[in-house]
Amino acid sequence: MYSYKGGDAADIVQIFKALADENRLRILNLLRNGELCVCDIEAVLNIKQSNVSRHLNKLKTAKIIVSEKKSQWVYYRLNKEIFLKYPFLLIILNNEIRKINICEEDLSLLEKFKTSGRSCE
Numbered sequence: 003m004y005s006y007k008g009g010d011a012a013d014i015v016q017i018f019k020a021l022a023d024e025n026r027l028r029i030l031n032l033l034r035n036g037e038l039c040v041c042d043i044e045a046v047l048n049i050k051q052s053n054v055s056r057h058l059n060k061l062k063t064a065k066i067i068v069s070e071k072k073s074q075w076v077y078y079r080l081n082k083e084i085f086l087k088y089p090f091l092l093i094i095l096n097n098e099i100r101k102i103n104i105c106e107e108d109l110s111l112l113e114k115f116k117t118s119g120r121s122c123e
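For the record, in the sequence shown the residue sitting at position 77 is 79 according to the working numbering, with numbers rising by one throughout.
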């Protein structure tokens, strides 16, 4: 088994499995701008809460994101440690995901959502 900056093939396989879904790429795109809760992601991507949770769980299992409970809400954000360990993730996130048209639309919708005052809190 080969190593990559202290990681192993199993880590990389989990990461690529997690990235192999358009909705998960869209979620990562949103999280580039900071932490969000499930209901924020649900509203912007227009997908069911159960699906958002399933996608977040897959990303969390791959250690691409981390979560933090604040009051009754769980907030998700990018895991900076994994991006330092696997720099290719930054290239994917900053260069490639941005090229997906719907991801740019999602960022616009997120901005509108944040300024609308709607929130789960």
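Think of the hints as simulated: they come from the structure by calculation, not from any bench. We treat Cβ as the ideally placed atom computed from N, Cα and C, and that holds for glycine. Worth double-checking, as some hints may not be accurate.
Stated by the list, open to error - Computed Cβ-Cβ distance ranges for the label pairs, DEER-style: (1) Glu113 / Val76: 36 to 44 angstroms; (2) Ser73 / Ile14: 20 to 28 angstroms; (3) Pro89 / Ala12: 12 to 20 angstroms; (4) Ala11 / Gln51: 20 to 28 angstroms.
Unchecked claim - When the alpha-carbon atoms are kept at most 30 angstroms apart in a straight line, the in silico DSS-like pairs for lysine-lysine are as follows: (5) Lys50 / Lys60; (6) Lys62 / Lys72; (7) Lys87 / Lys71; (8) Lys114 / Lys87; (9) Lys87 / Lys72.
Hints and how they fare:
Checked against the given bound of 36 to 44 angstroms, the beta carbons of Glu113 and Val76, roughly 22 angstroms apart, lie outside it. At about 36 angstroms, the beta-carbon gap between Ser73 and Ile14 misses the expected band of 20 to 28 angstroms. As the Cβ distance of Pro89 to Ala12 is approximately 19 angstroms, the hint placing it in 12 to 20 angstroms holds. In this structure the hint that Ala11 and Gln51 lie 20 to 28 angstroms apart at CB is violated, the actual value being about 34 angstroms.
Restraint check for Lys50 and Lys60: satisfied, since their Cα atoms lie roughly 16 angstroms apart, inside the 30 angstroms limit. Between Lys62 and Lys72 the CA atoms are separated by roughly 17 angstroms; this keeps the pair inside 30 angstroms, and the hint holds. Straight-line distance between C-alpha atoms of Lys87 and Lys71 comes to about 25 angstroms, which keeps the hinted pair within the 30 angstroms bound. Simply put, Lys114 and Lys87 have alpha-carbon atoms about 33 angstroms apart, too far for the 30 angstroms limit, and the pair is violated.
Pair hint Lys87 plus Lys72 holds up; C-alpha atoms about 27 angstroms apart against a cutoff of 30 angstroms.
Violated hints for the displayed structure, listed by number in ascending order: 1, 2, 4 and 8.
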